[in-house]
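Those protein sequences? They're chains A and B, same order as listed. Note that the first sequence covers residues 4 to 104 in our numbering. Note that the second sequence covers residues -11 to 229 in our numbering.
In short, the hints are calculated from the structure, not lab data. The structure displayed is predicted, hence computed values, not measured ones. Take every hint as true, because none was put in to throw you off.
Pair by pair, the computed Cβ-Cβ distance ranges are:
id	chain 1	residue 1	chain 2	residue 2	range
1	B	93	A	98	41 to 49 Å
2	A	20	B	120	52 to 60 Å
3	B	47	A	77	38 to 46 Å
4	A	48	B	172	32 to 40 Å
5	A	50	B	166	22 to 30 Å
6	A	90	B	166	13 to 21 Å
7	B	11	A	66	19 to 27 Å
8	A	97	B	151	17 to 25 Å
9	B	4	A	42	47 to 55 Å
10	B	82	A	66	27 to 35 Å
Glycine residues also receive a C-beta, built at the ideal position from the N, C-alpha and C atoms.
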Amino acid sequence: MSQELSAEEHTGHPTAGQYFRIAVILCVITAVEVGVFYVEFLGHWMIPILFILSASKFTLVAMYYMHLKFDHKLFTYLFVAGFILAALIISFLLLLFGVYS
Amino acid sequence: MAQEHAAPIHGEDEGTTTGLNHRKMLMWAFLGSDCMFFGSLIATYLVYQGKSLEGPLPIDVFDIPVTSISTFVLLMSSMSMVLAYSALTKNNMKGFRIWMISTAIMGSTFIGFQVYEFSSFATHHVEIDCVNPGELTKYEQHIFDDGCSSGEAHAESHEGLKPQTNLFGTTFYTLTGFHGAHVTLGVVWLLSLLLLSFKKGVITPEKNLDVDLAALYWHFVDVVWIVIFTVVYLFGVFPGF
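Model the full structure from these sequences, guided by the hints.
Structure (structure tokens):
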């Protein structure tokens, strides 16, 4: 019985169908992003909405396509450390140059 | 017993100090450092946003529907890549090659979109009717003021957006150009793996680490574009950002 298990079931990785469903979700989020962009009455609310939608796509790809959800946590720490440093670089440079003050 | 038949996961039990595969760990460390590289480029773009002394500006050149299509293509290439890896681990070499080719084709299509975009920006042409100018952007207003003051019927500019045109051009081309270079390198990598898969015993369900690493790189290129699309393109055209 155990020999009939697929590689996905052994590794805990998603199946091809699940990968396809994630791709559909990513496309829908992108379509919503573009749609939100053309909705004028949202005004400045557009920025946090787009930010959240973009972060959702980023997370989905990193967790499922890059397998961070299933791999060893140390890989996640390595990547997230770089990502946090990048976010800090952006934030501090924007503060330093007084971009949005 | 079942474990012997399953494709190995290159993440654990590798006989190293950490128990993790060193090449995979190195790839993740590289991707983390590349986050900082792109973070610096994005920060530079944002710092200089709105500080260009003359146009064209993002609102003058960006074509959101076209960029949305190229974004869609890159997202689909990520799905294709993960399906290639999945097919390999299931010993489906034909499926692996088909998905690898489709990933490379979609990556090349994305590059094609970028070449089209860059060339259309560089040859950006504005023509304004001096009698009925309609709603004008800041850049168009500047052309209108310069060209229509002497009683001309039309005012036009063929300047286009080049890296040396203004701060927007410099930071935009540097950021998206480096991303495009990453995608190009990724396409070469994928095609190399595809060719190697025809050599017996080089890429097999058991020896899938090379494909796993290429897939990680490819997905990273995708997530970077997710950020660029939102921050540079969508926020770039928004007047309040």
